[in-house]
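Generate coordinates for the entire structure from the input sequences, incorporating the hints supplied.
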Amino acid sequence: ELELDARVWKMRARSIPAVSAWSSAVAKPAGRRCLAAAARAVFGRAQNSSFWMPAVGKKPRSLLERFALQVFWFHAERLGWSRKAVERLGRAAGAEWWVQRRTARQPKAERGVNWHFDKDEDLLDDFQMLVHPLVATATYLTSAGAPLVVLTRPTFLAEPEDPPLLPVGRAAADAFVVQPKMGRHVAFRGCLMHGCPTDLEAVRGERLSVLVNVWLRHRPLNLERFSCSGRSRSTSSSTGAALRFAPGTEVAPVCTEAAGKTLGLDLGSWHLSGLRLLGDKTLPKSSRGFWSVRQPRGALQVTLRDPVRRSRHGNTALKKRPAGHRKRPAAAG
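Just so we're aligned, residue 1 is where the sequence shown starts under my numbering, counting upward by one.
Check the hints yourself; a few may be wrong.
Unchecked claim - Here are the simulated BS3-like pairs of lysine-lysine, each with C-alpha atoms no more than 25 Å apart in a straight line:
| # | residue 1 | residue 2 |
| --- | --- | --- |
| 1 | Lys58 | Lys119 |
| 2 | Lys84 | Lys108 |
| 3 | Lys108 | Lys261 |
| 4 | Lys28 | Lys10 |
| 5 | Lys10 | Lys119 |
| 6 | Lys108 | Lys59 |
| 7 | Lys10 | Lys59 |
Claimed, not checked - Label-pair restraints from in silico Cβ distances:
| # | residue 1 | residue 2 | range |
| --- | --- | --- | --- |
| 8 | Gly57 | Ala252 | 36 to 44 Å |
| 9 | Ala252 | Leu79 | 19 to 27 Å |
| 10 | Trp73 | Leu263 | 21 to 29 Å |
| 11 | Val203 | Lys261 | 18 to 26 Å |
| 12 | Ala171 | Asp199 | 19 to 27 Å |
No lab work stands behind these hints, which were simulated from the structure alone.
On a predicted model such as this, the values are computed, not experimentally measured, just so you know.
Even for Gly, the Cβ is constructed at its ideal location relative to N, Cα and C.
If you want it as structure tokens, here you go:
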């Protein structure tokens, strides 16, 4: 029997910026190398499958579980959650984590990530109900590949069943662009649309990242812990110390006006028009690699392309999983 905490639909990470970035989440080079090696190994076994690390009651049994738990607590405390408050949630608190990897050998169309919203994938598939994580994060372990782009609008109406995309109108809207950089950590509100367009790829090469979503008051359906081999269970104390997740000072984005060509995005039955990001020469010039691109008021328009299709098949903007996006675990234990 499915039991859900109705308060999960009222939760929004409004106490933190829409998008934040830190230049060096894992300070020691040895820690970054160990994390990258572990990420490649997990991707080799599980590809884009995602896994669960409980916030309380279980000890990490691998390097990536330890990392995911550290990320969870950093952001939970940043949101004002005490350890006692998290402990009271029991199993409905934890970190969803997975590895994302793209290589220069892949065709351009496969090196990015399509536009999407993070959500409990199986809850939507099985019960047509929408729940977002509270915070979504990415930690980059290389300095190549397509940038992450996060839009502050449009968002879905905060209701569980078949919610519509809210119109943008003349409301203020920003597009945050974050270039991959070794050690960089990015966090954004879990209800925001995002993608990784290869048209903005400044450096072609391996794009490797560990993604951790922070969940409070809800555990995504069918997520289990990663099945560790004997070798991956053991982590030396020196490796653990080097891997300590400790973001320093936040990096402020370079604020700029929208430039370049106008983009149109399709999300199932919905279409978003009027998005403009950065001019072709903007990306290589900034050493920060983090921009906030203000969209002209009234430029972003949300339209329903096929009302008949939506009424018959539900919200296909949510049901279609982006290519290369995470899936339910292939191996768990």
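Hint check results:
1. Distance restraint check for Lys58 and Lys119: the Cα-Cα separation of roughly 24 Å lies within the 25 Å cut-off, and the hinted pair is therefore satisfied.
2. Among the hinted pairs, Lys84 with Lys108 is inconsistent with the structure: their alpha-carbon atoms are about 47 Å apart, more than 25 Å.
3. Note on Lys108 and Lys261: the hinted pairing holds, with a Cα-Cα distance of about 19 Å set against a maximum of 25 Å.
4. Taking the CA atoms of Lys28 and Lys10, the gap is about 38 Å. The hint is violated against a cut of 25 Å.
5. Proximity of Lys10 to Lys119 is assessed by CA-CA distance (about 15 Å); at most 25 Å being required, the pair is judged to hold.
6. A C-alpha spacing of about 40 Å is found between Lys108 and Lys59, which places the hinted pair above 25 Å, so the restraint is violated.
7. With a C-alpha separation of about 30 Å, the suggested pair Lys10 and Lys59 falls outside the 25 Å cut-off, and the hint is violated.
8. Distance hint for Gly57 and Ala252: a CB-CB separation of about 38 Å, consistent with the stated range 36 to 44 Å.
9. Between Ala252 and Leu79, the C-beta spacing of about 20 Å keeps the proposed range 19 to 27 Å intact.
10. For the pair Trp73 and Leu263, the supplied restraint of 21 to 29 Å is violated, since their beta-carbon distance comes to about 37 Å.
11. Checking the proposed 18 to 26 Å range against Val203 and Lys261 shows it holds: the Cβ atoms sit about 21 Å from each other.
12. Checked against the hint of 19 to 27 Å, the C-beta distance between Ala171 and Asp199 comes to roughly 26 Å, which is consistent with it.
Against the hints set out earlier in the document, violations occur for numbers 2, 4, 6, 7 and 10.
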